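Chemist: This is what each chain is made of:
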Amino acid sequence: MRQSIAIVGALAIVIGSLCGQAAAKDAATAEFDKFREVMEDSNPAELFEAKGEDLWQAKRGPKQVALAESCDLGLGIGVVKGAYVQMPRYFADAGKVMDAERRIVWCMVEKQGFSAEELFRTPFANENFTPEPTSLVTYVAGASRNMKIAVPISEPHVQDTYQLGREVFSFRAGPYDFACATCHGEDGKRIRMQQLPNLAKKDEAIRAYQGWPGYRMTGGFMLTQQWRMNDCFRQQRFPEPRYLSDTVTSLLTYLTANANGNVYKGPGIKR
Amino acid sequence: MADPMKIRAQMKGDICDIKILMSHPMETGQRKDSDGKVVPAHFIQSLSVDLNGKTVISGQTGTSISRNPVFGFKVKGAKAGDKVTVNWLDNKGDKRTDEATVG
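In order, the protein sequences belong to chains H and W. Here the first sequence stands for residues 1 to 271, numbered as in this note's numbering. Here the second sequence stands for residues 1 to 103, numbered as in this note's numbering.
I should point out that these hints are in silico values taken from the structure, not numbers from a laboratory. Since we're looking at a predicted model, the values are computed, not measured. Worth double-checking, as some hints may not be accurate.
Claimed, not checked - Simulated restraints on C-beta separations:
#1 W:83 x H:78: 47 to 57 Å
#2 H:154 x W:53: 52 to 62 Å
#3 H:78 x W:33: 37 to 47 Å
#4 W:46 x H:234: 36 to 46 Å
#5 H:265 x W:40: 33 to 43 Å
#6 H:31 x W:32: 28 to 38 Å
#7 W:30 x H:176: 17 to 27 Å
#8 H:175 x W:38: 52 to 62 Å
To be verified - Just a sample of chain W residues kept apart from chain H, beta carbon distances all over 10 Å, derived:
#9 4
#10 13
#11 14
#12 15
#13 28
#14 32
#15 54
#16 66
#17 72
#18 82
#19 83
#20 87
#21 95
Using N, Cα and C, we set each Cβ at its ideal position, and we do this for glycine too.
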């Protein structure tokens, strides 16, 4: 009897401390969520969507064709609505699985005749510069607002890429012997005030997808998922992957397919 | 010429909720670039909003406002179908006018 009381006591302490932790976390998260909610209502990402739409419709590049009349994002030439939530997918004309940004750049190079070298030189935005693919991705993403994520995971090429992405996610290397899974493979981790989602879990994987592409309030510029992946490698002190590389596509395939079935809320806003 | 604004004007009961999203660098003039040179100030200095041609709000704005600013307010006496016109002028003389319809 006495023993069982001691056990009950110990349990109560464990439960108590768990609740305390959850409450503290919720308060911080709730504040951020409130903030984000206010900002989402009038997200400057819309300005980039508008710019992206103009770029999509305009006849441009050495070949003077519009992406709207030449680029197939997987649902037919020029079809934008719903394309973003169904990528990465396999494109037979390129012989590759591609995510949205990779596909758009492929179209810009193959269909419009832009120089790949030029586009690869400055792939990511900064305070004074927004790459055209970034605006285009924002436009394409916005056209899938409130739609369900549906990566065609049963397609064999996509399935292979998914499996590769899973390997990349857990691949430990670099001077810190890090992997994506080191921070994103466990529940309840954080870096400073930033909550880290466990991206290997189905119900949390959406957090790698939601909010991208995102408008970063610090500096006021637009960033894409390609940038996010690149920066994660940098933070792990890995060599940074080449822009639009197979490695990044496979990682995006893994993360996006894990979030299949969730509703995408459109381009987001970051602190 | 600056990029277009995004204007949303929505009736909520008998009050119209207007949100204006402007594309502008809003440089304060206090920042330095990578060469150490001061980035010249460049900001929207005046803003006015008309409803069916009649000014409902106007004001002077300055460098304490962020890049790509959002301006939101509520107005009484509007109805669906009214025309909202927004004008801004920046300190370099660049200006922009955009329109939207109350929905």
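Chemist: With reference to the structure, classify each hint as holding or not holding.
Modeler: These are the hints, each one checked on the structure:
1. Under the hint 47 to 57 Å, the C-beta atoms of residue 83 of chain W and residue 78 of chain H, about 32 Å apart, miss the expected range.
2. With their beta carbons about 58 Å apart, residue 154 of chain H and residue 53 of chain W fall inside the hinted range of 52 to 62 Å.
3. Separated by about 40 Å at the C-beta atoms, residue 78 of chain H and residue 33 of chain W satisfy the suggested range of 37 to 47 Å.
4. The given range of 36 to 46 Å is respected by residue 46 of chain W and residue 234 of chain H, whose C-beta atoms sit roughly 42 Å from each other.
5. Between residue 265 of chain H and residue 40 of chain W, the C-beta spacing of about 38 Å keeps the proposed range 33 to 43 Å intact.
6. Checking the proposed 28 to 38 Å range against residue 31 of chain H and residue 32 of chain W shows it holds: the Cβ atoms sit about 33 Å from each other.
7. Between residue 30 of chain W and residue 176 of chain H the beta carbon distance is about 38 Å. The supplied range of 17 to 27 Å is therefore violated.
8. Between residue 175 of chain H and residue 38 of chain W the CB atoms are about 39 Å apart, so this pair departs from the stated range of 52 to 62 Å.
9. Under the 10 Å C-beta cut-off, the non-interface status given to residue 4 of chain W relative to chain H is violated; the minimum distance is some 6 Å.
10. Against chain H, the non-interface label of residue 13 of chain W holds: every CB pair exceeds 10 Å, the least being about 18 Å.
11. Even its closest Cβ contact with chain H, about 21 Å, leaves residue 14 of chain W beyond 10 Å, as expected for a residue assigned away from the interface.
12. Here residue 15 of chain W stays apart from chain H, with its beta-carbon at least about 16 Å from theirs, past the 10 Å limit.
13. For residue 28 of chain W, the condition that its CB be more than 10 Å from all CB atoms of chain H holds, with the nearest at approximately 12 Å.
14. With a least beta-carbon separation of about 12 Å from chain H, residue 32 of chain W lies farther than 10 Å from that chain, consistent with its non-interface assignment.
15. The beta carbon of residue 54 of chain W sits about 24 Å from the closest Cβ of chain H, which is more than 10 Å, so the claim that it is off the interface holds.
16. With 10 Å as the threshold on Cβ separation, the claim that residue 66 of chain W sits away from chain H is violated: the shortest Cβ distance comes to roughly 7 Å.
17. Consistency note on residue 72 of chain W: stated as away from chain H, yet its beta-carbon is not over 10 Å from all of that chain's, at 7 Å minimum.
18. No Cβ of chain H comes within 10 Å of the Cβ of residue 82 of chain W; the nearest lies about 20 Å off, and the non-interface call holds.
19. For residue 83 of chain W, the non-interface assignment is confirmed: its Cβ lies about 20 Å from the closest Cβ of chain H, beyond the 10 Å cut-off.
20. For residue 87 of chain W, the requirement that its beta carbon stay farther than 10 Å from each beta carbon of chain H is met, with the minimum near 18 Å.
21. Every Cβ of chain H is farther than 10 Å from the Cβ of residue 95 of chain W; the closest lies at roughly 17 Å, confirming the non-interface assignment.
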